[in-house]
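Protein chains: 2
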Amino acid sequence: MPHTPGPADRAGLRRANLDLLVRMLRERGQVSRAQLAVHSGLSKATVSSLVGDLARRGVVRPAGITAGGQGRPGELVELRPAAACGVGLDLQVDHVGATVVDLTGEVLLRRRIACDVPSSGHERVLDLLADVLTGVLDDVRARGGWVVGATAAVPGLVDTDGAVVRFASRLRWREVALRDGLAARTGLALDFFGADNDANLAAVAEHDAGAAAGLDDFVHLAGGHGVGAGVFSRGELVRGHLGYAGEVGHMMLDPLGPWCSCGRRGCWETQVGLGALLHACATPDDPVHDPALDPDARMVLVRARAETGDRRTLDALHQIGAALGAGAAVLVNLLNPAAVVLGGYFAALPEWLVEPVRSEVAARVLAEGAGGATVVASRLGFRGPSTGGAVHALRRVLDEPAVVPVDEHAENTANVPEGMVAP
Amino acid sequence: MPHTPGPADRAGLRRANLDLLVRMLRERGQVSRAQLAVHSGLSKATVSSLVGDLARRGVVRPAGITAGGQGRPGELVELRPAAACGVGLDLQVDHVGATVVDLTGEVLLRRRIACDVPSSGHERVLDLLADVLTGVLDDVRARGGWVVGATAAVPGLVDTDGAVVRFASRLRWREVALRDGLAARTGLALDFFGADNDANLAAVAEHDAGAAAGLDDFVHLAGGHGVGAGVFSRGELVRGHLGYAGEVGHMMLDPLGPWCSCGRRGCWETQVGLGALLHACATPDDPVHDPALDPDARMVLVRARAETGDRRTLDALHQIGAALGAGAAVLVNLLNPAAVVLGGYFAALPEWLVEPVRSEVAARVLAEGAGGATVVASRLGFRGPSTGGAVHALRRVLDEPAVVPVDEHAENTANVPEGMVAP
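Protein chains in written order, with UniProt numbering: chain E, 1 to 423; chain H, 1 to 423.
Simulated from the structure, these hints should not be mistaken for laboratory data. Be aware that one or more of the hints could be misleading.
[To be verified] Per label pair, the in silico range of CB-to-CB distance:
| no. | chain 1 | residue 1 | chain 2 | residue 2 | range |
| --- | --- | --- | --- | --- | --- |
| 1 | H | P118 | E | A163 | 37 to 43 Å |
| 2 | E | S261 | H | A322 | 20 to 26 Å |
| 3 | E | R265 | H | H279 | 47 to 53 Å |
| 4 | E | D285 | H | P255 | 46 to 52 Å |
| 5 | H | G29 | E | A16 | 47 to 53 Å |
| 6 | H | E106 | E | G235 | 31 to 37 Å |
| 7 | H | P255 | E | L293 | 18 to 24 Å |
| 8 | H | D296 | E | A163 | 46 to 52 Å |
| 9 | H | E106 | E | P258 | 31 to 37 Å |
[Said to hold, decoys possible] Sample of chain H residues with no beta-carbon within 12 Å of chain E, all distances over it, derived:
| no. | residue |
| --- | --- |
| 10 | R174 |
| 11 | A229 |
| 12 | H250 |
| 13 | M251 |
| 14 | R264 |
| 15 | D315 |
| 16 | A338 |
The structure displayed is predicted, hence computed values, not measured ones. Cβ atoms here follow ideal geometry from the backbone N, Cα and C, with glycine treated the same way.
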């Protein structure tokens, strides 16, 4: 029985064009509407209407007159950086935190509070997370900024609309109403909050301004205690039917492999998860296992040993690199990405992991030259998920410009340049 | 560095709406423009313009007046089935063939010629394929139909624009200029021809009117000597960076597994390819291996043995089902599809394969209830790729209505109903 899709989405077109203009403003700084029209391929009338929309919401502001050039002088506009900020909430085994990103893509601030999340119970963790968020909102407000939303990066399965954490084994969370919990604690509206899988959000951050900027098809692999993938196809996240795509940590790649915490054998994360690295590179009493170490500090330790040529550490990294490459090759054969981005803890050890993954992928992928796939390290590493959360929250400005209120930026809308519609 | 996408595509909107109308006409038969407007959510003016476009090209035709109902009577339109047909060209190890599908999705005819493709050399095979196509075009013309294009289903890697077969190991083809070769032999225009990977096209057929109709996210697994996947995400094929996505046959799922024809060990197709089934279910001198058997006849033999309870055959199917499920679970963990469709030879043995795959997937997928993924058998089986090729070729009518010429259907455009624009 043939399928009848809904009518094509005109609002989507406007959103795409708003997105285009904001991206151009992010790249170019101060630009006239005429220049925006030329470089976007949109008509001047469309550009004026879209810029007017952004101006009314304080997202862009006047920036003087074009200097020199041909034709009559044009009024420049630029992004008002703090006009809209997004918050990414970090929710990991050993800490909660927040990252604030402004409209230009700059990270304004980061916060982190150590917390034994699995032992604390989710009510206590939500209290902490709400405290972190409230503090961050105050900080942003003190800088004259405005936060449009907050998206939590969750190491587990989140439902499609980001309201409920279905299952996050490492946090020991099951069916936690994250959105309701945060809204109730902060007094903010439900639609202020979003949530997504941390590997998805790390991929969003890479796509926005990281190692995968400009790539329509790529895979981001997030190495932590678990291993997750964020997959982009045709410029968008592959979420799957119910939003659970990207669970690569439990791909069975060796029927006789070690037992996994999930109760099965040979899962990929038993080979390449942080536990596998630490187990291989250090005896059980080694300080690298100290649960009080934060993830960055632990990687500093491992790096230092690798740099000084510690045999056991180098052997461990060799082993991880080979297994990471073997699994990455499965994904490359299936998805033919332009890049495999190594994030999370992998990104802290690029000198020892990128090349082995590259050569395993080249050897194991059927298409010549690995089907054009490069292997690169993320520059965000552990900060990827919360950065991506902030970018995700910020996208609401583009998706629904009405979320940025008009009246809060009176000082700005008073100076709406010619051609922009007053509120 | 942020990425600047091109301006959003307005032509895409018109294409999507044309697609919508043709799908509605396929489902509903005879419909008035007012009904199309109501059910599509498009304005009457837009529907009139689109229907006019289709009428000028003979894709729709008048179909009388609405009987009864409220308001003033409306003129009905319906698809003119043979107005536009698509041809799918089949290119397999042991035969070449063609399938013709008309606008309503009906299969008009199928042709098949036995041919030892790997031994024949590609020039000879292209001769045969051109002969098959020419015969089919004559047949369709004799029925008053018109063929808009032909898309070849290739068991291998095809470049993004469908012009060149990069590598098809089982055909022993490398860098074969398929499009140029067929155009030169038939005198047809280059853009008459397309080509895609056979697993991709089988998925297109399932999505159009098969087991995955209406599903935005699914995986089609094509079992043959090789195993390929066609992946749909958000209603479209996942092609990857250079169009090589879906090469799941060489996923390494067992480091100690058997050697594969690709020179590596433990590839999935050594476990679940047709070769693995035949090897497991019959001694080397068994007639089931006879190279003269066509694929359907071979499956009839295997089925007959399974139905009569032949122990060796049932054991072989049990083994294939388990390995198929284990690999399918990798894909389900990664992609969270709504369905896994078993095509190719798997579709010939659903009673013995569907349930084992379902239970392996349920046991191995992290998300509860297999993340909502069902496991179903294709109804197309070996006919999937060429049917999908025909559907693909036919889509050119929707993507570029101008490919259907106006003048060939003078008898039709003479009767353009009121409101339709004359050419």
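### Range agreement (Cβ of P255 (chain H) with Cβ of D285 (chain E), hint 46 to 52 Å)
At 31 Å between Cβs, range violated.
### Task
Using the beta carbons of E106 (chain H) and P258 (chain E), state whether their distance is inside 31 to 37 Å or not.
For E106 (chain H) and P258 (chain E) the Cβ distance comes to about 54 Å; the hint is violated.
### Query
Between D296 (chain H) and A163 (chain E), is the Cβ distance one that fits in 46 to 52 Å?
Holds, since D296 (chain H) and A163 (chain E) (Cβ atoms, about 49 Å apart) stay within the stated range.
### Query
Are all beta-carbon distances from A338 (chain H) to chain E longer than 12 Å?
violated, 4 Å
### Task
Would you assess whether R264 (chain H), listed as outside the interface, keeps its beta-carbon beyond 12 Å of every beta-carbon in chain E?
violated, 7 Å
### Task
Could you tell me whether the CB distance from R265 (chain E) to H279 (chain H) stays inside 47 to 53 Å?
violated, 26 Å
### Task
With 31 to 37 Å as the target window, see if E106 (chain H) and G235 (chain E) comply at their CB atoms.
Given range 31 to 37 Å: holds, Cβ gap about 35 Å.
### Task
Run the C-beta distances from A229 (chain H) to all of chain E and say if the shortest one exceeds 12 Å.
violated, 7 Å
### Query
Quick one: are P255 (chain H) and L293 (chain E) within 18 to 24 Å, going by C-beta?
violated, 32 Å
### Query
Is R174 (chain H) truly not at the interface, in the sense that its beta carbon sits beyond 12 Å from all beta carbons of chain E?
violated, 10 Å
### Query
Taking the closest pair, is the beta carbon of M251 (chain H) still more than 12 Å from chain E?
violated, 5 Å
### Query
Taking the CB of P118 (chain H) and the CB of A163 (chain E), does the distance hold inside 37 to 43 Å?
Because 55 Å falls outside the window, the suggested range is violated.
Checked against the numbered hints given earlier, this structure breaks hints 1, 3, 4, 5, 7, 9, 10, 11, 12, 13, 14 and 16; the rest are met.
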